[in-house]
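**Student:** Could you put the whole structure together from the sequences, leaning on the hints where they help?
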Amino acid sequence: MGADDKLEAKGDEFTGKVKEGVGNVTNDEGLRAEGQADQTKGHLKEAVEKVKDAFK
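One point on numbering: in UniProt numbering, the residue at position 17 of the sequence shown is 17, and numbering is uninterrupted.
Keep in mind that the hints were calculated from the coordinates and are not lab data. Note that the Cβ used here is the ideal one computed from N, Cα and C, for glycine as well.
In silico lysine-lysine, DSS-like type, Cα no more than 27 Å apart, as pairs:
{"id": "1", "residue 1": "Lys52", "residue 2": "Lys10"}
{"id": "2", "residue 1": "Lys10", "residue 2": "Lys45"}
{"id": "3", "residue 1": "Lys45", "residue 2": "Lys56"}
{"id": "4", "residue 1": "Lys17", "residue 2": "Lys41"}
Cβ pair distances, simulated, as ranges:
{"id": "5", "residue 1": "Asp5", "residue 2": "Ala37", "range": "17 to 27 Å"}
{"id": "6", "residue 1": "Phe55", "residue 2": "Asp28", "range": "32 to 42 Å"}
{"id": "7", "residue 1": "Lys10", "residue 2": "Ala33", "range": "17 to 27 Å"}
{"id": "8", "residue 1": "Phe14", "residue 2": "Lys50", "range": "13 to 23 Å"}
{"id": "9", "residue 1": "Asn27", "residue 2": "Phe55", "range": "42 to 52 Å"}
{"id": "10", "residue 1": "Val25", "residue 2": "Ala3", "range": "24 to 34 Å"}
{"id": "11", "residue 1": "Val48", "residue 2": "Thr15", "range": "13 to 23 Å"}
{"id": "12", "residue 1": "Lys10", "residue 2": "Ala54", "range": "14 to 24 Å"}
{"id": "13", "residue 1": "Lys6", "residue 2": "Asn27", "range": "29 to 39 Å"}
{"id": "14", "residue 1": "Lys6", "residue 2": "Gln36", "range": "14 to 24 Å"}
**Tutor:** Laid out in structure tokens, this is it:
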């Protein structure tokens, strides 16, 4: 997994956690869902990179 890809995936996860937290505090279901989606996006990016690394 490239360092840039790993950093981007972690950034998506972090951004998602922040959005989800703000959504929880402000009772904003849309922001909460967006945060969860960003976290999932980060997890998927990590998984894709791990699969790529496995086939190198």
